[in-house]
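Engineer: Sequence:
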Amino acid sequence: PNRSPAMVSMSLLLCATAVSAYTLSPMGLQTRALQTSREEARVAADAQMSLAIDLKGKTVFVAGVADSTGYGWAICKALANAGATITVGTWPPVLGIFKKSLSSGKFDDDMILNDGSKMVIEKIYPLDAVFDTAEDVPADVLANKRYAGLDGFSIQEVADKVKADYGKIDILVHSLANGPEVQKPLLETSRAGYLAAASASSYSLVSLISKFGPIMNKGGSAMSLTYIASEKVIPGYGGGMSSAKAALESDTRVLAYEAGRKYGITVNTISAGPLKSRAASAISKGDKKSFIEVGIDYCRANAPLEKDLYSDDVGTAAACLLSPFFGAVTGVTLYVDNGMHAVGMVQEKAVAQCQD
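All letters in the sequence shown, in the order written, are residues 1 to 356 by the numbering used here.
To be clear, the hints were calculated from the coordinates, so they are not data collected in a lab.
Do not rely on the hints blindly, as some may be mistaken.
Label pairs and their computed distance ranges (CB to CB) [claimed, not checked]:
hint : residue 1 : residue 2 : range
1    : L305      : E258      : 33 to 39 Å
2    : G264      : K145      : 41 to 47 Å
3    : L195      : L102      : 30 to 36 Å
4    : L305      : D140      : 14 to 20 Å
5    : V120      : K288      : 49 to 55 Å
6    : K307      : S103      : 51 to 57 Å
Since the structure is predicted, the reported quantities are computational estimates derived from the model, not experimental observations.
From the three backbone atoms N, C-alpha and C, an ideal C-beta is built for every residue, glycine too.
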């Protein structure tokens, strides 16, 4: 096989070291061994340092950030730690609350980066991802006080704004999901509720990549967030949301091909374990624990890795997946759930036991 000059030089150096060791005295052998050990440690340390994710000069757009408790925020923070410029899109009905919380310092503790500095969200765009263009927005939404005064919040309008502000971006994150009938079993879900879940939670990814793809640099990356309910039955995760997540994962594979060929970008998704975010906590309330609390306890008791799952775990995994180190990885569903997706039969605790 072909070898680079650096590889050949290293091979010759190792050979020379091995030969010369035979001519040394016992003390010399010990000295040479110690020097070799130190050199190996230094090379290993250099290699580890060289693998640090560096996203300086890269621009990120994360769709679906409205507080500091969700995975979207954790992804922003991980990418900011790597030096990226962070911009976000926020659902208009909660935009005012989000901006007020930021300006009042409510999120200050959650914004501290690894070097002690504070994460900066360079720009916040109003975004309602169920509307592709301005023409899709109905009159009643335009008249709604929560949308009043907002200048362009459809996906295409936001993409145009980002282009005007930054030219091109490098990373696109879909952190969006909404099912108006999520508390209903599938058998009781209306057609409108089912389609609404698909529109907000899966088709929105298709639209985002369609509209943002033209303003992404070649070699860029897009990703979304999914959930194990796409492939396994999770009672309580209703309203067509399981179907929407299944569609999201299927679309990820197709988009990986189409957007890869058209825009030269990767497209992946992370299947994250349960997290008690604001959105997840609203799914349903049990007699003793909420749906998400039961899910967290169940996974904590039964997952291969017996530890809590934190939003930062997903944030760090996302930063890796979105970095150049994963530039040849696309069309993948990456599980970040302490291994819960691999478990078949319950070993420790049943759901009923986790409800107490």
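Engineer: Give a verdict on every hint.
Structural biologist: Evaluation of the provided hints:
| no. | hint | verdict |
| --- | --- | --- |
| 1 | L305 <-> E258: 33 to 39 Å | holds (35 Å) |
| 2 | G264 <-> K145: 41 to 47 Å | holds (42 Å) |
| 3 | L195 <-> L102: 30 to 36 Å | holds (33 Å) |
| 4 | L305 <-> D140: 14 to 20 Å | violated (48 Å) |
| 5 | V120 <-> K288: 49 to 55 Å | violated (41 Å) |
| 6 | K307 <-> S103: 51 to 57 Å | violated (35 Å) |
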